[in-house]
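Student: Could you build all of it, start to finish, from the sequences and the hints given here?
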Amino acid sequence: MKQFSREIGKGRSFNAHLMIYVILIIVFVIAILSSYSYFEARNEIVEKNDLLQEQTGKSITEWMILVDAGLEMYDDTFNARMRTGFEEFLRAYEEAGNDPAQMDLERLKEDLGGTMDLYIIDQDGVIKYSTVKHEIGVDFSGIPDFFAYITQIREGDSFSADRVVRERTSGVIRKYAYMPTPDHRYLLELGLIPELLENRKLGLSYIQTAENLKTLNQDLLSIRIYDIFGHIVGNKSYVGDDLQKERISSVIEERQGAVYADLVNRTETHYLFVDLRDPAYASDLSMVIELTYTTASLDQKLTSLLFSHIMIALLAVLLSGLLVFVGICHVSRPISEVVEDIDRIAQGDLDHRIRHTQGLEFSRLENSINAMVVALKTSLGRAQESERALREYNENLEAIITERTAELKASNEEANLYIDIMSHDINNTNTIGLGYLQMIMDHLDGRERDLAECVRNSILRSSQIIQNVSTIRTIHMQNLPLEPVDLNLVIRAEIAGNHPGDIHYEGDPVLVCADSLLPEVFSNLIGNAFKFMGGKGEVTIRVEEGEDEVLVSVEDTGPGIPDDMKEAVFGRFKRGSKNVSGKGLGLYIVRSLVEHYGGRVWVEDRVVGVSGAGAAVRFTLKRPPCQEP
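In full-length UniProt numbering, the protein residues as written are 1 to 629.
This list has only true hints and no planted wrong ones.
Quick list of in silico lysine-lysine cross-link-like pairs, BS3-like style, CA-CA up to 27 Å:
hint : residue 1 : residue 2
1    : Lys531    : Lys566
2    : Lys58     : Lys301
3    : Lys245    : Lys58
4    : Lys109    : Lys133
5    : Lys128    : Lys109
6    : Lys48     : Lys301
7    : Lys566    : Lys622
8    : Lys536    : Lys566
9    : Lys48     : Lys58
Restraint-style ranges between C-beta atoms, simulated for each label pair:
hint : residue 1 : residue 2 : range
10   : Gln102    : Tyr260    : 55 to 65 Å
11   : Pro625    : Asn396    : 46 to 56 Å
12   : Lys128    : Glu87     : 17 to 27 Å
13   : Leu24     : Arg364    : 24 to 34 Å
14   : Thr303    : Gln55     : 18 to 28 Å
15   : Asn488    : Pro625    : 15 to 25 Å
16   : Cys329    : Asn396    : 56 to 66 Å
These aren't lab readings, by the way, just hints derived from the structure by calculation. Quick reminder that beta carbons are idealized off the backbone N, C-alpha and C, glycines included.
Tutor: Pasting the structure below:
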């Protein structure tokens with residue numbers, strides 16, 4: 001947002017800048033209000049459409065239930081006639097000795113007036129005998145609900161009438177009724193011939209009712225009715241696709257409606273399940289009603305609604321922009337005049353004053369700017385005077401800096417001279433003194449020799465101090481380049497030096513990044529260890545190779561270093577114990593060199609958790625290739 005503000009602010013006047021921001025706010029507000037209004041209207045249209053579809057479905061379902069109730073009343077008018085037919089059917093069964101094979105069903109059909117076909121169903125639900133030849137062998141055990149119903153009738157003692165339904169094999173409409181044999185071995189069935197049912201419609205046809213109800217909703221394209229087996233009712237020529245059959249089967253299986261949308265064809269198909277199952281009848285007359293709606297009119301309404309809202313929003317933006325332009329021009333006119341006056345003042349005319357404008361705020365701005373110009377004019381005079389004084393001071397400052405630099409260079413050269421004298425002349429004098437002292441000690445014994453030994457140790461400490469000072473100067477001034485150095489040779493060369501006590505080291509050649517001062521690290525660490533052990537004890541050096549660095553440990557068996565001193569011992573002029581003389585530069589040199597090599601150094605207890613069992617100084621060194629730190 002900040003970047004956007006900077007971009008729109010480049011090269012534009014205040015009026016344009018202000019107008020852009022106001023228009024953006026107006027567009028944002030209008031967009032929100034238009035969107036809210038559009039979605040409210042859209043939801044209302046969609047809800048009305050859904051409500052109309054719901055009412056259409058309810059109306060069709062209620063009418064189908066009414067039609068079925070009327071047909072049920074018509075179907076029951078045949079019950080008395082069929083009950084009388086079973087009297088002759090049962091008498092013939094008993095005369096045949098309860099053996100259906102001995103019965104003449106065709107003659108019995110003629111005796112019953114030729115209006116009813118006869119069926120005999122065994123205990124397995126199979127039609128064993130019938131006057132309808134293509135029905136013989138039909139097995140009802142594959143229809144669990146129907147088979148359970150007729151089994152219950154066979155095991156009972158009463159007459160049971162069914163509704164007018166279609167024959168599963170031929171699709172012919174028949175009215176069926178059932179009566180069990182006295183021995184309950186068979187179930188006798190009568191079916192009215194289709195000719196007697198020609199007048200069954202009685203104006204209550206499902207199809208005709210559905211067609212009449214299409215006027216309830218102008219978006220309703222088609223109504224199709226399917227029976228409980230998924231067969232279409234009425235329009236025998238219509239053949240649905242596999243997807244449609246799958247959907248109908250799913251609705252029948254779940255006995256629950258469903259809705260499917262077809263975005264390509266802009267249609268929406270509703271499947272309504274009308275539950276007409278009656279426990280009093282064997283057949284389930286439930287049906288599925290398929291309602292296909294077109295969504296074209298709804299889409300057209302929504303498109304028109306969107307277009308109208310967009311046009312209204314654009315018109316509102318244009319009108320608002322015009323009003324904003326007029327208003328900003330009127331309001332910003334005093335600001336433009338103030339800007340013109342300020343530009344003139346900025347060009348150097350400090351005697352110019354801001355013109356008077358209408359409005360309390362602009363009057364205050366006018367007075368403030370005029371006062372500021374007066375103050376600026378005064379400050380500018382002072383600044384010019386200060387500039388002249390500063391220029392004179394800068395000219396003098398350059399001479400002062402040149403003089404101080406020369407003095408500092410002379411001081412450094414003098415300090416280096418003293419260090420050179422100390423490192424060379426005093427150290428040579430100490431070396432000669434040690435030689436003469438050693439010759440004297442060879443002829444002394446007892447207390448005189450001990451006193452001479454003390455003198456010798458003092459001279460050695462003096463030489464070590466001089467050596468440390470020289471090393472520190474080399475570290476800070478020469479900045480020697482890092483190069484591969486054989487750590488094994490450095491350690492072994494240092495061990496070969498004159499150190500009291502035992503030094504243990506077992507290592508192999510390994511290259512590290514260092515310079516010629518690396519031996520000073522081991523010289524100081526080994527010397528420091530024996531110094532704090534009083535010349536007695538053992539020092540162990542360990543080297544562990546890593547992928548990028550090498551870990552070196554110098555361990556001793558001395559009194560160790562307390563925890564509160566482990567970090568401080570590497571500072572300048574810090575010593576591990578007050579009982580040992582020295583200036584405390586050894587570990588400071590070690591740290592300076594190790595850090596110059598790109599490593600780190602620290603102190604630990606030789607035995608973990610036991611500070612009095614010796615100290616372990618550990619440090620790391622980088623492995624080649626070497627890079628300057």
